[in-house]
Amino acid sequence: MPVSPDIEKSSLHSQELQSQKKREEWMLLGLSLPAIFVIALVVILPVGWLFYLSFVDSQGSFSFEHYQKMVEYKSYARVFIATFKVSALTTLICVALGYPIAYFLAALPSRWSGIFMLAVLLPFWTSLLVRTYAWLVLLQRKGLLNDLAIQIGLWDSPVKLVHNMTGTLIGMAHIMLPFLVLPLYGAMKKIEPDMMQAASNLGASPVRAFCSIYLPLSVSGLAAGSLIVFVLCLGFYVTPAVLGGGRVVMVATQITAILEHQFDWGAASALGVVLLLATVLVLYLAGRFFKFDTALFGKR
Amino acid sequence: MNNSTALPISIRGLTKKYGDLNALNSVDLEIKSSEFLTLLGPSGSGKTTLLMAIAGFNRPDAGSIKFGDAEMVLTPPHKRDVGMVFQSYALFPHMTVSENIGFPLKLRGLAAKEARGRVDEALATVQLSGLGDRGIDQLSGGQRQRVALARAFVFRPRILLMDEPLSALDKKLREHMQIELKQIHRQLGVTTVYVTHDQREALTMSDRIAVINDGELVQVDTPEAIYNRPKDQFVADFIGESTMLALTRDGDGRLSFGAEIISSSTPDSSVSNWRLVIRPERLHLLEGGANTSEKQVVFRGRVTEYVFQGETAFALVALNDTTILSVRFGTGAGSRLRSLELGALVSVGLMREDVILIPEEGQM
Ligand SMILES: Nc1ncnc2c1ncn2[C@@H]1O[C@H](COP(=O)(O)OP(=O)(O)OP(=O)(O)O)[C@@H](O)[C@H]1O
Ligand SMILES: [Mg+2]
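Here the protein sequences come in this chain order: A and B. Under this note's numbering, the first residue of the first sequence is numbered 104, with each subsequent residue one higher. Under this note's numbering, the first residue of the second sequence is numbered 1327, with each subsequent residue one higher.
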């Protein structure tokens, strides 16, 4: 079929191509339907239910009662402050421990880094509860750590390492560490060795090269890891409950307490909603201020 | 511009082993001040190893590296003050073009205003003015290469090192950058060591070429000398195209190929077997029956192949069953031969000045 004018040539098959594109888009939507359904069922519905409960008072009518209480009673504010404090401290400890670990792993030849990575990941494969109780055993008054420290003369009488903030932080940092190390390791692996060579060639001392090249190039991984740890900490329950011994009251432990003692679904839901919103806010702010690894948030 | 800061490099007995492998085997090399010296050799010959040793990124097992009078072999890389263009460019992705180029100036504590002037000047030199605020990922390959170059010379190093900086570029851009690099070198007058495995690039750019093979320097000479007077078979083979003919020596020390006397004496009487190296473009097609004379050697053979390649054409001429000469000639009307058809009997001449004799391998 001869098509002579250029205008006709430029629209050759354009309709068929358009409808092919449409068909493909519908097909992709169809393929993701089951996933959308599952997410709706297990995420959107329960969260919606949570929201609903938090706005219903004990008589079953709509009210802001629970939120009002949260503003009025200082104890609620204290719980939130404690939650953010524990999360922030845990994140800091993880950064202090995790950065050198990730650096070490990234610097090793891959044969060795695999083995050491296993050591970092090993805790992932044991139950969270088991690990937490293991820390209880290690840290208690007559635990392994106190015995050892007294034997080698670090301190004279048993130090209280558990059922307080110290124990909680130790346990949480241990559990959260891999979440920081993994994205950080990924970011560090992407730094070509010639970056540091170039810096040094241009006259940077090793310390200077680290500060102005390595650190900025790994900061996306560091930010991503820190964010994951911080957000996970915000809603953490088991470790503060076991190792905090009731002295470290975070939002999650408080929710349990309310349900156990007062059976107040409304108050517990309201706490949950506020924590959820706080978490979303943290994620939003972090997304605004940092350019994260594409792996975490997609390309910007 | 800053000729005064250029420094000669003197390398003595430089040795580097990787296990059993001699990556550098007692290398001696004198590089003159302001010289453009190219390290040329096949893959794995030790070029990068030598360059990295000069920059201080690998520790040799033995030897001396002097910049001017100062011994450098123990000096850490950040105190050597050499500019280097990495093969991968190694530009810092979290910095803009200007920040990349300004980085060495910042390290040297230059005032911000002066540094900005120097960065702009460097950008102008590599013809990237106005792109200073771009991110590295917004540059083309050739532009990145120029940024890497600007960053390497902006702090006025006394020595500039480049490891195959053009290998990632396409042919056109590469040839353009070769000329540009050469001009920048002339402008800066900095002692430059350039690494390539592309012999044409080496011939185009260098004041001198150091041919390296298996960790040893084979020949260090000007491009003309390397091309016209290769020292051995490796150099003759590696640089330029060539046909090699085994020669026979008679009792009087004359070297000949078949009936044609190539040389009336042996260049070095301690070597008995010699080869004639013939560059394809040094041969010319002759009309009719010219004979070997005082001025030229004449070979006769049949045309077995003819290929047109644009500015030149090239033909294979079989002298006998085993020996085939390749002949390259211009495609202009003047240099064309009327009877150049497959199977035609032709004569090709080689001027006596173009005769290159090398000892047979394993005879030195
Ligand atoms: N870190 C290393 N460990 C072991 N062997 C090495 C190492 N670096 C280089 N070599 C070996 O040393 C020899 C010289 O390597 P070099 O990198 O200097 O070659 P090159 O001339 O730069 O080659 P190319 O043109 O491919 O870049 C090679 O045989 C190489 O395999
Ligand atoms: Mg190399």
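Don't read these hints as lab results, they were simulated from the structure. Just so you know, not all the hints are guaranteed correct.
Claimed, not checked - Derived, one-sided and incomplete: chain B residues facing chain A with beta-carbon distance under 8 Å: (1) Phe-1418; (2) His-1420; (3) Arg-1434; (4) Leu-1436; (5) Ala-1437; (6) Arg-1477; (7) Pro-1593.
Every residue gets a Cβ at the ideal spot worked out from N, C-alpha and C, and that includes glycine.
Now the hints, each set against the structure:
1. Phe-1418: Nearest chain A Cβ about 6 Å off; hint holds.
2. His-1420: 5 Å, holds
3. Arg-1434: 6 Å, holds
4. Leu-1436: 11 Å, violated
5. Ala-1437: With Cβ-Cβ at 17 Å, over 8 Å, it is violated.
6. Arg-1477: 7 Å, holds
7. Pro-1593: Violated - the Cβ of B/Pro-1593 stays beyond 8 Å from chain A, reaching only about 45 Å at its closest.
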